[in-house]
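I would like the entire structure built from these sequences, with the hints used as guidance.
What follows is each chain in one-letter form.
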Amino acid sequence: RSYSRTERRLGTTATTDMARRSMKERYLIAYNVIQACGWAYVLVHATQHAWEFHQQPTRARGGAQLQSSPYDIVRDFVVTFQVASFAEVAHSMLGITRSPVGAALMQWCGRTHVLMCALDAVGALHGTVAATALVIAWALTEVVRYPSYALGLYSQCPSWLNWLRYTIFIPLYPLGAGAEMKLMYDARAFARKANMYSFSMPNAFNFAFDYVTFLNGLLIVYPFLFYSLYSYMFTQRKKKLGHVTSVKKQQ
Amino acid sequence: CDPRKFVRIPAKHTHGRTHTAVFARDMKLKVISRSGRTVLPEGIVLPSDAKVSDLKKIFHEMKRAYYPTRQRFTTVATKDAPRGVALEDAKALRDYGLVDGDTIVFKDLGPQVSYKAVFFFEYLGPLLAYLPFYFARETIYGKMLGFKDAGKAPLEAQTLAMYFHTAHYVKRILETFFVHSFSHATMPIFNLMRNCSYYWTFGAVMSYFINHPAYTPVGRTQMLAGFAFSAVMQLSNLRCHIILANLRKDGSKAYVIPSGFLFNYVTCANYCTEIYQWLGFNIATQSAMGYTFMCCGAAQMLQWAIAKHKRLRKLFPGTDGKPKFRRPFILLPPFF
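Each protein sequence line maps, in turn, to chains A and B.
The opening position of the first sequence corresponds to residue 848 in our numbering, with each subsequent residue numbered one higher.
The opening position of the second sequence corresponds to residue 160 in our numbering, with each subsequent residue numbered one higher.
No lab work stands behind these hints, which were simulated from the structure alone.
Hints may contain errors.
[Stated by the list, open to error] Simulated pairs of lysine to aspartate or glutamate, DMTMM-like, Cα-Cα distance not exceeding 20 Å:
id	chain 1	residue 1	chain 2	residue 2
1	B	408	B	248
2	B	307	A	1057
3	B	302	A	1057
4	B	210	B	259
5	B	408	B	334
6	B	215	B	267
Fair warning: this is a prediction, and the values are worked out from it, not measured in the lab.
Here you go:
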């Protein structure tokens, strides 16, 4: 096969490979790049303001905030990109990607619920450490995950990025899950006072929903869900990074 | 060369090979795991006409932890069969072309529990879970949850619902022991937990809402019509199960086209009557959770029904002397 001048100059076939990609792959690359940019913005701005904001004396934070919380600053981006990530559920439903629909759907529902219902809906929680931790943990994870997907479509994912992807989850998953649980835990008092998302009987369909009970149930189930997801990531890590604790004996 | 290991088969059974003798003797197979690890260093020795069930019995003797229903054997992966061909209990090893020196792949299916046991526990759960909300309503709704009028008498709809729900699960348990014949003896123990959570949770939650002091019943005509329809569907469902149980004679594993009664019109008449039975119950009791339970069950049965219909169409194409399988409906006449 003869190589074009561009290929020889760059020393890679990546650019011509891209030109030959099917539309599906071009769409996926575009999606992953856009998400990566969105979360990069979130990461930069949230971390920039996090230190100054949380350093404020508690007195001043009790009343009017001296400045917007990191969450408030990036709120529009986080909500947009998190809700838009439903596309990943659609991709697996349509067979564009190979991930299981159930897992993708559960992951999206869990995150979007915490974001929209427990955090965004409750103004008093925007300035908490948990809110900032949540946003930064999510942003850090996504800023590694999306570029690795995009480059993986070229089969060009560098090994250091792959390593990052299968290693940073180790501190970030517990941090994110902990922040989510803390937010749900704190949201309950506000949900009870404002009677959020709840309705009672009697009604024609003989159904009642109490959001606080729902949150309590979630808080009980979360550690188990987290454990299964966390251990799944470790087995993926072993597979992808080839880390074996003991050398297999030769048969 | 031990002559006892050799059995001479008379020439007329040698399928045309009259000049070479065909011998039956023991064969030794290598057993590996799916990751390539050797499972039995000394291999396993079997008569060459051994069935797969004999293989499993002898394997169990060599590895006591793996009882036969926990064992799964396949041939080694090839291009045509990337995961190997599964060895079925009733067939002989040589039907798979296995001869002395060949390798087979072992997989541990994990702890198994019998189908009957699973069915019994998953049906006993909702039967029992439903009852406290009906019989101990004052304690649960009054003392524990603080609702007013928790002690008032149950409504007619609530009483009938309790009888119907209980009768349904009693029927299911009796069918498990006296009607159903199971083509698989066991299933993985994880399924027991999963199935029980599903049935027990729904049974309890449905009961909670239907027996609630603030429960709003539908009109009496609608309620009676719903329960009547449900009863007819329950009895039809029982008849469907009896037809299915009598399909295969004498432990044969062959597929038979179900026919008679509703099976002439619907491939999965048993699932059909089950879903319509719950529809009748829901029309009578009208609860969101009741409808949700019906839809979850219907979704699962839809998957099974489509697979069954496809399988029967493939097995009975109308050629090679086989009947043609065709039905106007798969699961839910008149819709689908």
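Cross-check of the supplied hints:
no. : hint             : in the structure
1   : 408/B <-> 248/B  : holds (17 Å)
2   : 307/B <-> 1057/A : holds (18 Å)
3   : 302/B <-> 1057/A : holds (19 Å)
4   : 210/B <-> 259/B  : holds (14 Å)
5   : 408/B <-> 334/B  : holds (18 Å)
6   : 215/B <-> 267/B  : holds (12 Å)
Hint compliance for this structure: no hint is broken.
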